[in-house]
Every structure is written in C-alpha cells, then in structure tokens.
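*Asks:* Please model the complete structure; the sequences and the hints are all you need to start from.
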Amino acid sequence: MATTRQDVSAGRIARPAETARRKPIDRQDGAAYMFLSPWLAGLFLLTLGPTLVSLYLSFTQFDLLQAPRWNGLANYERMFTEDQRFRNALSVTFWYVGLSVPLKLAVALAIALVLDKGLRGLTLYRALLYLPSLLGGSVAIAFLWRRIFAYDGLVNEVLAMAIGFDGPSWISNPNYSIYTLVILRAWQFGSPMIIFLAGLRQIPQDLYEAAAIDGAGPVTQFFRITLPLLAPVVFFNLVLQTIDAFKAFTPAFIISGGTGGPIDSTLFYTLYLYQEAFAYFRMGYASALAWVLLVIIAVFTAIYFLTSRYWVYYQDER
Amino acid sequence: MFGSVSRRSLLGGAAGLALAPSLGRDASAQQRTRLRMAWWGSTDRARRTQAALEVYQRKNANTQVDTESVGWNDYWTRLATQVAGGNAPDVIQMDYRYIYEYARRRALKPLDEFVPAPLNITDFGQANIDTGKVDGQIFGVSMGVNSTAMFYDKTAFERLNIRPPDHNTTWAQFAELCTNMTRAANRRGFFGTMDAGFVEPAFEAFVRQRGKSLYNGDGRLGFVRDDLAEYWDYWDRLRKAGGAAQGDIQALYRSTPETDLITSGRAAVTFAHSNQLVAWQAVTQNRLGMTMYPKGDRPGQYYKPSMLLSMSATTTQAREAASIINFIVGDADAAPALGVERGVPPSARMRQAVLPTTDELGRAQIEYIALLADKTSPLPPPPPRGAGEVEQLLRRVYETISVGGARVPAAVDQFMAEAPRILERA
Amino acid sequence: MNADDAAFAAPPARGLRAVRGLLAHALLIAVCFVMLYPVLWMIASTFKPEAMIFSDFSLWPYEFSLRAYIEGWNGLQVSFTRFFFNSALVAGLAVMGNLIACSLAAYAFARLNFRFRNFWFALMLGTLMLPYHVTLIPQYVLFLNLGWVDTFLPLVVPKFLAVDAFFIFLMVQFFRGIPRELDEAAMMDGCGPWKIYLLILMPLSKPVLATAAIFSFIWTWDDFFGPLIYLNDINHYTVPLALRSFVDSTGRSEWGPLFAMSILSLVPVFLVFLFFQRLIIRGIAMSGLKG
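Those sequence lines, one after another, are chains A, B and C.
120 is the number that my numbering gives to position 120 of the first sequence; each next residue is one higher, with no gaps.
106 is the number that my numbering gives to position 106 of the second sequence; each next residue is one higher, with no gaps.
160 is the number that my numbering gives to position 160 of the third sequence; each next residue is one higher, with no gaps.
Treat the hints loosely; a few may be bogus.
[What the hints assert, rightly or not] Short, incomplete list of chain C residues facing chain B, as computed with Cβ under 10 angstroms:
#	residue
1	I70
2	W73
3	Q77
4	S79
5	V149
6	N232
7	R244
8	T250
9	G251
[Stated by the list, open to error] Chain B is nowhere near these chain A residues, computed Cβ spacing over 10 angstroms in every case:
#	residue
10	D29
11	Y56
12	T60
13	V107
14	V114
15	A150
16	A211
17	Q221
18	A231
19	L238
20	A248
21	A279
22	Y280
23	V295
24	S308
These aren't lab readings, by the way, just hints derived from the structure by calculation.
C-beta: ideal position from N, C-alpha, C; glycine also.
*Replies:* Written out as structure tokens, the structure is:
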C-alpha cells in the first residue's frame, strides 16, 4: 500500500502520546478505518442508537408500557434534591468499589505470581482456582454465602471455637453485609488472575536471568522488572475492574434477593436502577440514573488515564 | 405488531439453518393459527400446563400454542421488555398486584366482550369474577382461589407437646404461644414465629380486623398512624420477649421457600399464602400444617386470586386467546393435568374434576379454602399505583426497628411521611 | 526486605527446595479447598434427596442416587442435549467473532496512526460504562424490527461487530507490549499493515488471544440475560436459561436437577479453559529478539 511505503520512509509510526505533539505526516487513515470497520459498524448500527435513546429517555417520564412523555430535567432534579435512596445507593457503591477493587486485584496478582512459577501440576491449580469465577451469579453462591456468613455460619463457628466470640449474622446485619459482598467479589478473582498470568508470560524471561546474574533477589526483581513491565496489564485490570465494580448487579441481587436489604445496606447503584426501571416502572428515571453513573465512571477512568503516563510504560514507547 | 410467522420466514433469508433450528417446523405450520402464552413458575407447572395445552391442541387442530415459561423474577423483566417492544405474548399469566399496573397502562385487553362465550366463567361466583376486575372491566380471570395463611411446623409442635395455633387463636394468644414455644425449644437461633412486622398481607389482615384497609377507594392509605404503631409495637414486644425471630436472623429471609425461617429450622410459624404450601413442604423434612392468621374482632382475610390469566392488548387473535383462557380455567378436560398446582380452581365444575387427582397437600388447600367460607370479608379497594413501592417501604422501615434498633414511634413517623409521597409520585 | 532478598537469592539446598515445594503445594491445596467448597457441596447435593439439600451441609452424601442427573437431563420439555448444542453453537461463534473483530480494531488502536483516534478510543471505553438495563428496551426494539427475536442472531452478530469493548481494550494493552521494532523490521521488508497484523502481531499474541477466547467462551456460555430476553421458544434455549427454568422463587424449585445440570454445564467450560490456557505460554520469539 502506498501509505505504508511512505511510513516506512518516515522511519516509524507515531505512538498515541506523540500524535498531539507531532504533525500528522505519517497517518494511515485508510488502513486504520478498514481495520476499525467492523467495530464502527457495530457502534453505529447496534450500540449508538440504543444508547442515545436511553439518553433521550432520561429526560422523559417512561413507564415502559406507554409512550414516553418529555419532562425536561425533572428526573435529574429529583435525583439530586430529594432522592434519599439515590444518595444511599451511591455511598454503598463507592464503598464497594473502593474496597473490592484493590482487594480483588491484590489477590489476583498474588495468585498469578505463585502460579507463574514452575510448580508441578500448575495447570490443574490454575483451572481449579478459576472455578469460583465460573459459578458467576449461580443460586448456589447465594446459599453458600449464607452458610458461611449467617449467625450460625462457618465464620461464627470458627470464631466461637477459636476465641469464644459470639459473632453477629454478618450477611444480614446492615453494619457488615456489604463486606460479605466485597469478599464475594475478591473470591471471584479468576478473570484478572488470567489476565495477569498472560501479562507475566509476555515479560521476556532473559531479563530475569540478567537480573539474577547482577545479584537481584525475587523482591527486587518483582519491583524492578515484573511490576514495571506488567504496568499496562495492571492498568487494564484496574480500569476494567473499577468499571465492573461500579456496574455490579448480580451479587447484590442474588444475595439480598433483589431488595438491597437489610435497610438498603446492599443497595448497589445498578440494583436501585433496576428496581426503579422494572419494579416501579420508571424507566425514564432509571435512564437518568444510568447516565449519572456513566459520568461518574467516566471521571474515574479519565483520572486513571491522566495519571497513567506517570506509571504505565509500554514496550512500544521505548 | 409483527406476526411471529412472517418474522421467522423473513429470517430464513438472513440466517442459515443453524441459527434458526425451528425453520423447518414453521414452514409446515404456516396454515395454523399460532399464539403465544407466557407464565412464570416451576418445572412442575410447566409440565402440567404443557400437558393441558396438548389436550387443547388435539381438540383444536388448527391452533398451535407456543409457550414461554420462566421463574418469577425473570418473568417480569422479560414481560415488560416484550410489552414495551410491542411483542407481548397473546395470553399472559398475571399477578394480582401487577394486573393494576398493566391494565391501567393499557397493556391488557378487557375480556368482558368474550363472556360468556367463548369465556364461560359463570360458575365462578361473582366474588371470584370481581377479583379480576380493574376499574369495572374484567382484565384477568382467576386461575385459583387463594388466601393468606399461617404455616406451622407440626413436627416441632408435636415434639414439644405444645398445641399449635388454629383459626380461633387471637393475636394475644398467638404472642403467648410463640413465646412459650421459644422457651420450650430452648435452642439458640430458634423462635416461636417469624417476625411478620414487615409482611404486608399480615398487616393488611390486622387493619381489616380493625375495620380499616390498606388503601381506600381514592388510592390513599386506608389506615392511620395508630394502626401501624400498634401493629409494629406488637411485633417489637414479641421479638423482645423472644417469641419472634431476632432482627438479623429474620433478615436472612429472601422471600423464597428455602430461605424461610420455618423451612430452615429457625422458627415454628411463618406467614404465607395457602397455595405456597406445596413449595414450602418440598424443602423441609418436618411436616407443615396450615391455619388462618391470628383472629381479630372482624374478619381480616379475603379470597384473592393466586394468579390470573390475561390477554395482551395487542393480540391479533383475541377470540382464540379467549378460548384458550376458557380451556385452562373452565374445561374439565384440562383439570386432570393442571390439578391444584395454581391454587383451588374457582370454577365449581373444575373443582369437581380435580378432586380425585389431588394428594394430601392439595386436599389441605381445598379444605382450607372451604374453612374460610364464613370467615372472610369482601375484596378490598384496588391497590393504587405505587403500592408495590409502599410494600418495600414497609419492609425497609420496619427493618430499621428490628435490625437497626430504631424506636417504633420514629419509624412509624418515617413511614407515614414517605408512603403518601410515593403514592403521589406514582 | 533485603535479608529476604539475600535468602531467596542464594541457591537453596536440594532438601530446602523440596520442603518449599511441599509447602507451596500444601498451601495451594488448602486454598483450592476453600475456594472449591461450594462446588464440592453442589456436587454432593446432586446425590442427596431434595428435602435434605438445604439442611445437610456435609460434603458426603449418605444416600447415593443418580436420580437428579437423569431427571434433570430430561426434566424440561426438551432434553439438555439440545441446550448444550445451542450453547456450544452460540459460544463458539462468539469466540470466533470476538477474536476476529476485536483484534482488528485493537490493531488499529494500538499500532496505526489516524485521525480522531483518541476520540474513537474514548467512545469505545464509554460503551463499557452504561448499565445494560437502560439500553435493553431500545435494543430489543431494534432486534425485533430486524426480525431477529427468537433466533441466535442478537447473541452472535454483535460479537462479529466487536461490540464488546472489553476485548478491544484488552488486546490494545497487550499489542502495545509487543516491541515495535518487529513491525518496523517487517515494514522495511515491504509489509503493509495487513501483513504485519497477520504475520507478526497475531502469532506473537497467543497469550492474549487465548485469554480473550477463554473469556468470550465462558461469558457467552454463562450469559443468561441476553438469552432470557431474546429467546422465547424452549427449543432455542441455552443452558443457563434452561437452568433458570428449574428455579421459581414463588413455587417449588427443583434443586437436585438444577445442581446436577449446573455441574454438567461447568464441564465444557472447564475443558475449554484447559485447552486454551495451554496457549498462554511465554512469547519465546520475542524474548529471543530482545536479547
């Protein structure tokens, strides 16, 4: 292709960070849009339409069964001025995100590091450790969590035996119920673990060998080689897990039976949104809730991206 | 609305056979009338309904009924989506609470024009016909007569040699009995009864016994502050006396049979509906008994439909749909397959037909419904829009007392302030 | 930390290494057991009488019966053979679609320089952020008008159009970890972007492609909401939708068959996992080049 020939003569392709600084001498618009065409088709044909409709609905009163009625900013007004449950759902969700994301990532990374070492039978361990994530939102999880965290559950049996402490009913006590959901999320660490593993596999092995020759121990190697080279993957997991945690729905739904109780202590944002949409027939209001959530997530993601230039380095930038 | 036949044949061009496995069958079925019928429920219900519809299709060779059945939670999400998309099933199983939401939003078709033919419900009795009316028109046909009921753990009562509650037990006697039960069992985490402070049907029976109602005819609350205060005070005292389940143990209940305190061995009494006996009995090894809610000065309970059959407002085959509804609720040929799985049939004819096929639990339901005959009062005014949200509010605010340690008067104030706001907004 | 470093850096004696290996295994087995308790409990439950499932927590069934499996397999109007076939078809196509469409888009974002790149990239991430409950109805109307309701098309076609931005972003991150010198060398040899994509990037991206394949398969296999909304005829049901048919919160659920079939539904997923994860291997060619 003609464009490519020119690029070759230009020496190299600019990388994203450079686009702003460098004048566009070596663009490959033609090829790029060819590569993007399936995604663009999906965006314009399948994704964008429904998305814009939901934005429109957020300015209407829409009870699902009759045509939507325009009501301007009323939904947003109600949300920010009088909706106590919205405020509560927001705070529950922030707690959940703030606690579960770092915990889940730490567990996933730790296990990935252990599994990356050449231990016999690793394939099996890896598969077994992924099993909890496979259970997803199964009803068995709901039962199991009660079995562990109810007043007569395993945790309290252990506490009673070990220190004679008579524990509360963790899962149905509003002071603690959210933590049982945080633990549930950390327990299903499978997908970031796999991504970490794939990332670890991409780190050139000889770097470690060279470091070992220079006398660097495992801890130094971890901080000097593993972590920096894994940064793009850590970044990916951080962004995606944050988005995912904000949007978490199933865990609270199955554990609380859809109520978000007791006393709204596990009322996740999307659970509240779901109740508004499908239990109380207020899809317009639910759409407004969704767009506020989108803005919140977008702000977090933007912060991640802005700070990433200080701690994420890509191989193709060297 | 798109007929499903044309939609599928259109698809034939777009997708290979692999993506539309049913294409072959559709081609041969094109001459027949096709309808869709949807319900929520267990696999047992699916098998029974399917068997009944087989009979129907044998009698009406030109009709094919496509069925869609899922569990309760999924059902409403899917139905709302289908209705919003203009693709609702022709025959829809409805719930007593949701029928108002759907009928008033014009998603259902009034059935009056199909009575008495093809829809023959004359032997239902007026009361059972009225349960399907919304604002004067028939929008649903009752599939089973049902009422609120208390289940008790027969095995536990017998073991401790305590007389279980019956339909003459008053609220005061009930409290005493439960407290004794807890004391006699003397087991950590086991209580005489569940805490029904948040159970709306129980509260409704309580206010009706005082001559009030949950809602009045204008869609406002039909009770006053004192009614709620007294009811919550009753449960607050009973809980503190040990008779009713402790708050965070009660909060383990998730409105499903297997999480109920009685089936998980945490309480001896629970508040439910008569048609749920089978489901509750299935997940516990102890034998369950059934009786009325505690007694007051006036009758508190009433007959209500366990579920109804309705017709979509957008159906293009209304007469055929009405004939299917008629078959399910009124044709003796359907009775053996359906049994009392959806509650006791309101049609006298059907009751006769199912009687020989019922088992012990089925007979218990029929007897219970018969027992209530002179102990019920008429149907209350219809719940207004927002009633579903108020029911959740009742639970949430009561939990601030039972789990959160709030005081009753403060919680009552909160409820009485928030409930009218919800009704106004809805 | 330094002392730690030194201890680890010194080549441990043979015996010490064996002890450490044993300890690691013991730890892993203990962790696995805790993690797997629910699965084990579920397996045990499939052999127990139904009324005991929720009152008996033991991992050992005292009565052993295969009834749940037999009843479960044929417990609905259509046998699970059909559901497994449907699920395999949908999941298989989803893997294919995601791998092709998402890697193409990811290549453009990771390697090519084009107008509005940052804008498109931000938009792509944006599509991940909206809760699906509010786009459900417009999307349903769209597919209904296309005549796709009650077929597999709404579950499959979007994958071929790279609608799942998760995989694009995932692949972008990994592609960017592949040194650009390789592309540049290929370009010197006269390769265009298509050849670089096919001959350089794809072969080097086995770990991330395998990862994406695993996730595509598992998530599509587990997805129940899409099938719930778009599939009406029980002949078209996928496994998770069929599983949900055993449960009804207002009535009598069939827990034995539910758990039995849930366990069986884990098997294909587990196999796919085992198969693809072998591809998550070290990129040998790359490290050779870097050295």
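*Asks:* Confirm or reject each hint.
*Replies:* Each hint, compared with the structure:
no., hint, verdict
1, I70, "violated (14 angstroms)"
2, W73, "violated (13 angstroms)"
3, Q77, "holds (6 angstroms)"
4, S79, "violated (13 angstroms)"
5, V149, "holds (7 angstroms)"
6, N232, "holds (5 angstroms)"
7, R244, "holds (6 angstroms)"
8, T250, "holds (5 angstroms)"
9, G251, "holds (4 angstroms)"
10, D29, "holds (32 angstroms)"
11, Y56, "holds (14 angstroms)"
12, T60, "holds (13 angstroms)"
13, V107, "holds (27 angstroms)"
14, V114, "holds (36 angstroms)"
15, A150, "violated (6 angstroms)"
16, A211, "holds (53 angstroms)"
17, Q221, "holds (48 angstroms)"
18, A231, "holds (40 angstroms)"
19, L238, "holds (32 angstroms)"
20, A248, "holds (17 angstroms)"
21, A279, "violated (6 angstroms)"
22, Y280, "violated (5 angstroms)"
23, V295, "holds (24 angstroms)"
24, S308, "holds (38 angstroms)"
Comparing the model with each numbered hint stated earlier shows that hints 1, 2, 4, 15, 21 and 22 do not hold.
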